[in-house]
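Visitor: Residue numbering for the first sequence follows numbering that gives the first Met the number 0, starting at 0 and increasing by one per position.
Read the hints as simulated data drawn from the structure, not as lab findings.
This one's a predicted model, so the numbers in the text were calculated from it and none came from an experiment.
It is possible that some hints are incorrect.
Unchecked claim - As a list, the in silico DSBU-like pairs of lysine-lysine whose alpha-carbon atoms are at most 30 Å apart: (1) K138 <-> K14; (2) K96 <-> K71; (3) K95 <-> K19; (4) K14 <-> K71; (5) K42 <-> K138; (6) K139 <-> K95; (7) K14 <-> K139; (8) K96 <-> K139; (9) K42 <-> K95; (10) K19 <-> K71; (11) K138 <-> K95; (12) K96 <-> K14.
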Amino acid sequence: MAYVDKRKVLENVFKPDIFKFRIGELSQMTGVSTRQLRYWESKDIIQSLHRDGTQDARVYDYETFHKVQAIKYFLDEGYTLRASVQRTNEIFDLFKKTHAIIGNAVRGIEEINGETMVDLGVFDEEQQTRLWASIDDEKKVHYHVRAEGE
DNA sequence: ATTCTAACA
DNA sequence: TGTTAGCA
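Full structure from sequences and hints, please.
Guide: Here it is, written out as structure tokens:
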């Protein structure tokens, strides 16, 4: 097996931006028909990144996946398409902020005192402490605030 | 095999 | 919106 830089692996593990889907995949993932996806795009409800190599196939990103999933949810709740889009747009900036924070949350993984600890970054503004997380046999997460360099 | 557009037994 | 046809 080839050597892999641990930090480079972490950079990608929590970077869903690299996920790209074609229309058939997005359709199966969300339960929204390909016909609907193309129609929504014609109405500027969603957008795709065209040009998939040889074909002129649509390519969707991770954010669009969530947007489609949200619209689908509201449609199933009985909202009209227009209302579903409206509600989705209202809550989407929350998703973007959450996504941005989560994407930057995991800074590394270290073995501390024989226990696997996930580095969640500096804990205080003065950068004197760092937040770590571990998980026990019952899959319960425990948080630890440790002084820097300790 | 999959996606594309256009159109409607 | 579904579902075809005929392409690429």
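Visitor: For each hint, tell me whether it holds in the structure or not.
Guide: Hints, one by one, checked against the model:
1. For the proposed pair K138 and K14, the alpha carbon gap of about 23 Å is at most 30 Å, so the pair holds.
2. The suggested pairing of K96 with K71 holds, with an alpha-carbon distance near 21 Å, which does not exceed 30 Å.
3. At roughly 17 Å between alpha-carbon atoms, K95 and K19 fall within 30 Å of each other, so this suggested pair holds.
4. A C-alpha spacing of about 24 Å is found between K14 and K71, which places the hinted pair at or below 30 Å, so the restraint holds.
5. For the given pair, K42 sits about 45 Å from K138 by alpha-carbon distance, which is inconsistent with the 30 Å threshold.
6. For a cut-off of 30 Å, the pair hint linking K139 to K95 stands: about 27 Å separates their Cα positions.
7. About 24 Å separates the Cα atoms of K14 and K139, which keeps this hinted pair within 30 Å; it holds.
8. Proposed proximity of K96 and K139 is supported: the alpha carbons are some 26 Å apart, at most 30 Å.
9. At most 30 Å may separate the alpha-carbon atoms for a hinted pair to count; K42 and K95 meet this at roughly 22 Å.
10. With a C-alpha separation of about 19 Å, the suggested pair K19 and K71 falls inside the 30 Å cut-off, and the hint holds.
11. The straight-line distance between the Cα atoms of K138 and K95 is roughly 28 Å, inside the 30 Å bound, and the hint therefore holds.
12. Annotation: proposed proximity of K96 to K14 holds, straight-line Cα distance about 14 Å (limit 30 Å).
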